[in-house]
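Trainee: Chains S and X supply the protein sequences, listed in that same order.
Numbers 1 to 178, taken from this note's numbering, label the letters of the first sequence in order.
Numbers 179 to 569, taken from this note's numbering, label the letters of the second sequence in order.
No wet-lab data here; the hints were simulated from the structure.
The beta-carbon is built from N, C-alpha and C at its ideal position, and this holds for glycine as well.
Incorrect hints may have been included.
Restricting the straight-line Cα-Cα distance to at most 30 Å, the calculated cross-link-like pairs of lysine-lysine (BS3-like) are [claimed, not checked]: (1) X/Lys331 - S/Lys21; (2) X/Lys331 - S/Lys49; (3) S/Lys21 - S/Lys49; (4) X/Lys331 - X/Lys465; (5) S/Lys22 - X/Lys414; (6) X/Lys414 - S/Lys21; (7) S/Lys87 - S/Lys124.
Across the chosen pairs, the derived CB separations fall in these ranges [to be verified]: (8) S/Gly71 - X/Gly201: 54 to 64 Å; (9) S/Glu166 - X/Glu563: 56 to 66 Å; (10) S/Met129 - X/Gly341: 25 to 35 Å; (11) S/Pro36 - X/Phe432: 25 to 35 Å; (12) S/Gly71 - X/Lys425: 54 to 64 Å.
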Amino acid sequence: MADKVIYAMYDDDNVLKDGAKKLVSKGVKVSEVFSPFPIHGIDPIIGVKNTRLGIMAFIYGLTGLTLATIGMRYFMVVDWPMNIGGKPNFTYLDNILAFIPISFEFTVLCAAHGMAITYFLRNKTLPGMPAQNPDPRTTDDRFVMELRTSENSQFSAEELEAMLKETGIVELDQKDVA
Amino acid sequence: MISYGLIIAGILSLVIGLAVHSGDGDLYVTRIMGGLLSNSYFYFCIALGALFFLALNYATEAGWYAYIKRPIEAIALALPYGAGMLAVVLLVITVMDGAHVYGWMDPELYKEGGHHYDPIAAGKQFYLNKTFFWIRTVAYLATYLIFLRGFRKRSLEEDRVGGTEIHFRNYRKGALFLVFFAVFSSTSSWDWIMSVDYHWFSTLFGWYNFAGMWVSTMVVLVMLVLYLKKQGYLPKVNDSHIHDIGKWMFAISFLWSYLWFSQFMLIWYANIPEEVTYYVARIQDHKFLYFFMFIINFAFPMLILMSRDAKRHAGILTFIGIIILLGHWLDAYQMIAIGSQGPNAYPGFIEFGIGIALAGVLLKLVLTNLTKAPLTPVNHPFLDESIHHDI
């Protein structure tokens, strides 16, 4: 089925937000919004699900904590017990205080890197990947709303465009996709 | 109603405690004075934390808090009463030559060649003496109260006249307050709390106390805001405001735990006799109390408040808030009681009685303070931003 993508460009984020609200109340599905900065409050309007990045951060942090504990126990206790400042490391638990800062650092390191890489992968924005925004001006001072006819089968492309024109757009563009 | 109930329950418990322990001799007085000191310090700190938080928001020109500014002010306005109570308790202790709470106030320690001569205390006499102690105490309390008076006066004036001039004056005064507070919050906790263990010292102590103070304030604030919202007084408080205060609770619990650990680990690692005495007294004789206090102040908020939904859930926040308050109350208790009573210290009817009664007084004061000004600071320049706060 031929799918048509309609791009509506705005020059103000609040106008876009009000427009999206109006369209959604009429039953239109907004598939994406491109913006140079996060627009507060747009997520619930266009129905973006809550991010699950936090759960991944927790898992990465736990991984880091486990790796740090296993590593330090092996290096400092099992393989070659270290005697630092008169505190011999014969057991991990007796010296756990000394290991806490490193456990903490490694937890943070793994959580932060894991989150950043997951974010890039999920958004397909790893360095060198092709840009996906429809217009380079959305990285500057323009805001673009994207509608797809396949997701709004109850409306024709002309009806969608007519509705968009009532919401204070500054430019309208459309593209056929296979 | 709740506040009167708390006051009556607290006084009953205090009376029972006084009757039960009346045969304890010297320890009896130490215990009462120590209990009064730790409790008045704890509640004084809740009010002071609110004043600090207000000044912090002024100095950073924060916007989100504007709609809940009056509850913050209401907590801060309990400060004169807290300061008064603290001053009276300190005065009684001073008149009693320390009452074994402030061991360094005992004049016997400074008689050279005497039976109780203490060369370490004598070496600190230029700082730890009654006159200088009172000069500092009066300076701290006066500074706090003067700033509180100014903030409140300008806050009410802003309601009447509006404009941005008052906002910028608050901005400058807030920054000035933070400068004083940075020094005084450290030195006052050395004077009032650390001097209980007058042989011992820790440069982190001021920060440690400051973090405990701040998190207690945020807990009281979130419970107050949730209560007012439930009663319908603050209809425009949304999930984002609650979430933000919840984040403060979570973050400052971590700050406190971090400072607790930093102080502990450095002393543990260096293992210098004059420093470890503090922890020997706490870990050998009061292992359960000390680590229980640490765990409820650290593990509970960490595990339960970690998720986003928990920070927006009134029930969870209140539950965790009460636990954190108890934890920091125990922290204030152990800092003074273990230092002054040694192995015999344990929290009983006396300490809990004073604590519960003062909780009732604080609640009554805060709710009364709320009635004295409109709940919405109508001319705050960031009020609109605060109402539309969204994160």
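Trainee: Next step is simple, just say for each hint if it's right about the structure.
Mentor: Hint-by-hint comparison with the structure:
1. The hinted pair formed by X/Lys331 and S/Lys21 fails the criterion: a straight-line CA distance of about 43 Å is larger than 30 Å.
2. Between the alpha carbons of X/Lys331 and S/Lys49 the distance comes to roughly 46 Å, so the proposed pair goes past 30 Å and is violated.
3. Between S/Lys21 and S/Lys49 the alpha-carbon distance is near 16 Å, which keeps this suggested pair within the 30 Å criterion.
4. The straight-line distance between the Cα atoms of X/Lys331 and X/Lys465 is roughly 47 Å, outside the 30 Å bound, and the hint therefore fails.
5. Between S/Lys22 and X/Lys414 the alpha-carbon distance is near 24 Å, which keeps this suggested pair within the 30 Å criterion.
6. Restraint check: the Cα-Cα separation between X/Lys414 and S/Lys21 comes to about 21 Å, which is no more than 30 Å; the hinted pair holds.
7. Restraint check for S/Lys87 and S/Lys124: not satisfied, since their Cα atoms lie roughly 49 Å apart, outside the 30 Å limit.
8. Taken as a hint, the range 54 to 64 Å holds for the pair S/Gly71 and X/Gly201, whose Cβ atoms sit roughly 58 Å apart.
9. S/Glu166 and X/Glu563 have their C-beta atoms about 29 Å apart, which leaves the hinted 56 to 66 Å range violated.
10. Distance hint for S/Met129 and X/Gly341: a CB-CB separation of about 51 Å, inconsistent with the stated range 25 to 35 Å.
11. Between S/Pro36 and X/Phe432, the C-beta spacing of about 33 Å keeps the proposed range 25 to 35 Å intact.
12. At roughly 32 Å, the beta carbons of S/Gly71 and X/Lys425 sit outside the given window of 54 to 64 Å.
Hints 1, 2, 4, 7, 9, 10, 12 from the earlier list are contradicted by this structure; the remaining hints agree with it.
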